[in-house]
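Each protein sequence line maps, in turn, to chains W and D.
For any residue, its number in my numbering is found by taking its place in the first sequence, counting from 1, and adding 1.
For any residue, its number in my numbering is found by taking its place in the second sequence, counting from 1, and adding 1.
None of these hints come from the bench; they were simulated from the model.
Incorrect hints may appear among the rest.
Here are the simulated SDA-like cross-link-like pairs (lysine to any residue), alpha carbons at most 25 Å apart as the crow flies [said to hold, decoys possible]:
no.: 1; chain 1: W; residue 1: Lys96; chain 2: W; residue 2: Arg342
no.: 2; chain 1: D; residue 1: Lys115; chain 2: D; residue 2: Leu493
no.: 3; chain 1: D; residue 1: Lys96; chain 2: W; residue 2: Ala135
no.: 4; chain 1: D; residue 1: Lys115; chain 2: D; residue 2: Lys197
no.: 5; chain 1: W; residue 1: Lys197; chain 2: W; residue 2: Tyr108
no.: 6; chain 1: W; residue 1: Lys115; chain 2: W; residue 2: Leu126
no.: 7; chain 1: D; residue 1: Lys136; chain 2: W; residue 2: Ile107
no.: 8; chain 1: D; residue 1: Lys115; chain 2: W; residue 2: Thr139
no.: 9; chain 1: W; residue 1: Lys136; chain 2: D; residue 2: Asn97
no.: 10; chain 1: W; residue 1: Lys115; chain 2: D; residue 2: Val127
no.: 11; chain 1: D; residue 1: Lys283; chain 2: W; residue 2: Asp137
no.: 12; chain 1: W; residue 1: Lys136; chain 2: D; residue 2: Ile107
no.: 13; chain 1: W; residue 1: Lys283; chain 2: D; residue 2: Lys136
no.: 14; chain 1: D; residue 1: Lys136; chain 2: W; residue 2: Tyr108
To give an idea of the chain W side of the interface with chain D (calculated C-beta under 10 Å), a few residues [claimed, not checked]:
no.: 15; residue: Arg124
no.: 16; residue: Ala237
no.: 17; residue: Asp437
no.: 18; residue: His452
Where chain W lies over chain D, by a calculated footprint (3+ residues, C-beta under 8 Å) [as the list claims (entries may be wrong)]:
no.: 19; stretch: 137 to 143
no.: 20; stretch: 254 to 267
no.: 21; stretch: 430 to 443
no.: 22; stretch: 474 to 480
Beta carbons: idealized from backbone N, C-alpha and C, even for Gly.
Number of protein chains: 2
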Amino acid sequence: MSELLHNCLGGRWVAGRGAGTALLDPVLGTELVRVDAAGLDLPAGFAYARDRGGAALRALTYRQRGAMLRAALEVLQAHRDAYFEIATANSGTVKNDSAVDIDGAIYTLSTYAKLAASLPDARFLVDGEDASLAKDGTFLARHVQTPVRGLALFINAFNFPAWGLWEKAAPALLSGVPVVVKPATATAWLTQRMVKDVVDAGVLPPGALNVVCGRSAGLLDALQPMDVLSFTGSAATAATIRSHAAVARDSVRVNIEADSVNAALLLPGEAPGSAAFDALVKEVAREMTVKSGQKCTAIRRVFVPEPLFDAVAEALSARLAKATVGNPRSEAVRMGALVSRAQLTAVREGLATLKSVTKVLHDGDRHALVDADPAVACIVGPTLLGACDADGAAQVHDLEVFGPVATLMPYRDTAHALQLVGRGQGSLVASLYGCDHAALGAAALALAEGHGRVHVVSPEAAVSHTGHGNVMPQSLHGGPGRAGGGEELGGLRALNFYHRRAAVQASPAVLAALG
Amino acid sequence: MSELLHNCLGGRWVAGRGAGTALLDPVLGTELVRVDAAGLDLPAGFAYARDRGGAALRALTYRQRGAMLRAALEVLQAHRDAYFEIATANSGTVKNDSAVDIDGAIYTLSTYAKLAASLPDARFLVDGEDASLAKDGTFLARHVQTPVRGLALFINAFNFPAWGLWEKAAPALLSGVPVVVKPATATAWLTQRMVKDVVDAGVLPPGALNVVCGRSAGLLDALQPMDVLSFTGSAATAATIRSHAAVARDSVRVNIEADSVNAALLLPGEAPGSAAFDALVKEVAREMTVKSGQKCTAIRRVFVPEPLFDAVAEALSARLAKATVGNPRSEAVRMGALVSRAQLTAVREGLATLKSVTKVLHDGDRHALVDADPAVACIVGPTLLGACDADGAAQVHDLEVFGPVATLMPYRDTAHALQLVGRGQGSLVASLYGCDHAALGAAALALAEGHGRVHVVSPEAAVSHTGHGNVMPQSLHGGPGRAGGGEELGGLRALNFYHRRAAVQASPAVLAALG
Chain W
2 MSELLHNCLG GRWVAGRGAG TALLDPVLGT ELVRVDAAGL DLPAGFAYAR DRGGAALRAL
62 TYRQRGAMLR AALEVLQAHR DAYFEIATAN SGTVKNDSAV DIDGAIYTLS TYAKLAASLP
122 DARFLVDGED ASLAKDGTFL ARHVQTPVRG LALFINAFNF PAWGLWEKAA PALLSGVPVV
182 VKPATATAWL TQRMVKDVVD AGVLPPGALN VVCGRSAGLL DALQPMDVLS FTGSAATAAT
242 IRSHAAVARD SVRVNIEADS VNAALLLPGE APGSAAFDAL VKEVAREMTV KSGQKCTAIR
302 RVFVPEPLFD AVAEALSARL AKATVGNPRS EAVRMGALVS RAQLTAVREG LATLKSVTKV
362 LHDGDRHALV DADPAVACIV GPTLLGACDA DGAAQVHDLE VFGPVATLMP YRDTAHALQL
422 VGRGQGSLVA SLYGCDHAAL GAAALALAEG HGRVHVVSPE AAVSHTGHGN VMPQSLHGGP
482 GRAGGGEELG GLRALNFYHR RAAVQASPAV LAALG
Chain D
2 MSELLHNCLG GRWVAGRGAG TALLDPVLGT ELVRVDAAGL DLPAGFAYAR DRGGAALRAL
62 TYRQRGAMLR AALEVLQAHR DAYFEIATAN SGTVKNDSAV DIDGAIYTLS TYAKLAASLP
122 DARFLVDGED ASLAKDGTFL ARHVQTPVRG LALFINAFNF PAWGLWEKAA PALLSGVPVV
182 VKPATATAWL TQRMVKDVVD AGVLPPGALN VVCGRSAGLL DALQPMDVLS FTGSAATAAT
242 IRSHAAVARD SVRVNIEADS VNAALLLPGE APGSAAFDAL VKEVAREMTV KSGQKCTAIR
302 RVFVPEPLFD AVAEALSARL AKATVGNPRS EAVRMGALVS RAQLTAVREG LATLKSVTKV
362 LHDGDRHALV DADPAVACIV GPTLLGACDA DGAAQVHDLE VFGPVATLMP YRDTAHALQL
422 VGRGQGSLVA SLYGCDHAAL GAAALALAEG HGRVHVVSPE AAVSHTGHGN VMPQSLHGGP
482 GRAGGGEELG GLRALNFYHR RAAVQASPAV LAALG
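Can you make the complete structure from the sequences, with help from the hints?
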């Protein structure tokens, strides 16, 4: 039997009492490690996190916590090679795709360590200007933000075991809030290892960072009203979480990032081969293949002017045809595996649904697997679908197929295009391609309300833009409606979730004594 | 039969098809008017609000919407006398208590009309500074806030039919978001009349302000993912709302203000008769009797140093004994009715529960009713309870009795007092009384995390302070945990709920074209 990974809770490393769930190599099918959370004393462990970890974190200033993040960053950098090895084995990703997760995590943590320098050397934040409540100046309202006194529970997704931990933990720890992370079981290894390295290095107070691997049973029951909960995953699980007593009855603050049928839109007025045309084709192909399309921000729907449909279909198919797919350990391979048999099945089922209302423009099955056994490896080639009747293809706007799959659709005019993008019912990100700055600005504003992020690629930014699907810590990550309604990152905006805002109404002398 | 009030939905006034529910005078028991929402086409009415009202509001700038609020304000001011008449009849409140609701509404609306001047003459807001995403300066992230494209549904409480409408509608309309208000049935008349006056005056675009009176059945089912929902009421109903598919599955953004067991705390070091001692006694007595204690912000728990328990009990009881209770039409009466028989029953039941763990320090039954029939009128006198074992009296910390009832409790030291306040599990407001500025500041910071507002009364603010329970539009209103986790008001912070934040990532030329 493989190694049983321990959980970190209550200030110690503790093994689950069950047989454990095996984590597999999605390319080779071999067992790697096991995880188990059976028999953990969650209430006691959570209390330790709140009372020991939380108290120790809150005793530090923002600047001191920034230094703590920097120390954690150095630990991660020192073990970076090991993380890539785990990613190759457990996520089946090529090195560039592992980097999106691992180096993305390191960059995000580094960004928050730096942002700490812009915060006061204090233990709470002042929010905005004082407001006068008395004409004689003897009574004022000051708004303050103080760290949440509970813990932050993260229930995370399988596709970003590294970044998914640190994009949440960095702002939480900087805010002074202890963390319990429950990684998705399929790829829990990398999350667990990163927590282990940082905890064992002793750079955080005991109880500040905890990890529970395996089943999530009981985690929500152990929450208390002052805790916060951040969930990344399916809309179905999100609905269950929102209905749990901890959230519905005890008002545990919750942040949710769920499904998203993100769009890319080539604005009117472009000819085949124009800079904007080429930028769209390049970005769509990249988004479809990076991490085998297993990014919540990946492009799922591509809208182009009707007259350009065939030209885009041809250019995209040609580009996709060059993708070498297979074992990520092979030098020739550019796109690796899906994360598990379950995901392979889900992608195939989703593809079948979409195929019922689309035609196949580029068939993923045309890609022979390099150095991988199709009977074992969880690998599919990239598939481009096309729906000439964009209005009628309801499933394309509703179903997020979490793999290397996108659907191309034609639109009549900009109003039609914007209306079609809106059929996603709220998404994480939309990208725009064009060269008319006024038209791009107007379309970006029109899409802003339905998206957490609008990414605009105009010719002058064709090289420097950061990518449709890359989540930059400086920008908001989240989206309304189907995307779950959450807000993460966005620089210091991320700290809001881990603070409570309160108005202190008092005389100037009392406000001065707040410190 | 009394008049059947019409609903405003879909751009017209429409009667419900049912027999209606009668609204009663809680002092005289007479029927006043009826409300009914049966047979309304909610989906069509909501669509009209979104598509007509919302589009017209979004076409205006913030400054233009501010002028619109000012016009609505003038309508309310012109009809102010009629509102007081309705409040006397339907809420059973004395004039000063009606003013808390009606003049509170007018002041809040006026505050937002004025705040509009500090907003740009534009249709969206820029949030913070741009962040650089490329070293060569060709790609940046700018965060914008654009108005929600859906509607704002308000499900409101019976105790503030006027203020409860406008404290939400003012920031919603200023944000450019159409409103549907569902007032609590018992006191729906005043809400309906205010909407009627403003709508009939034609100062708002058609569909911008709507009212549905009667049962709330079907309202949540008519919501769509881009709508927002603000609820004020019981924690039990709040849990039902959070579990509804619109919220749990479609991520309708929700703001909840629920139960709150607010505290007042006299800090150590005070002698009987000191300025802080007197301020506490005066404020507790006022909070218990204003609106017969039917304020979500009213003081329910009073903590004083052990040696002062008897002195505070005596001073408070003496003050409460002077309260004249009865028919609000009588000149001599200072405290009027509860809002309904149902509330009378709930208060009596709550009192019975609290009495099982407390002793009665001042008995409300000692107050003879002035000019009111005890068999008909929904009136109770103010009751002060005492619990010498503050730690053991669990019900006192958990149960919000929504009437003129508070419980006095002794504490050993400041740490004990803060811990007891925290037993409320999150409250709207706590107030502090003392003269040591450093001690007041430290206690205010310690309480900030568990409260939406901390109100500090020191001697220099004894006259100018705005009152423990008065919600000033400049200050945040809401609270974590049991209080529902919501955020309302707080000046321009209130606009956040009615906007979506998005990052626009683009070149400087495209960002310049955003306008």
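query: What are the numbers of the hints that this structure violates, sorted from low to high?
result: none
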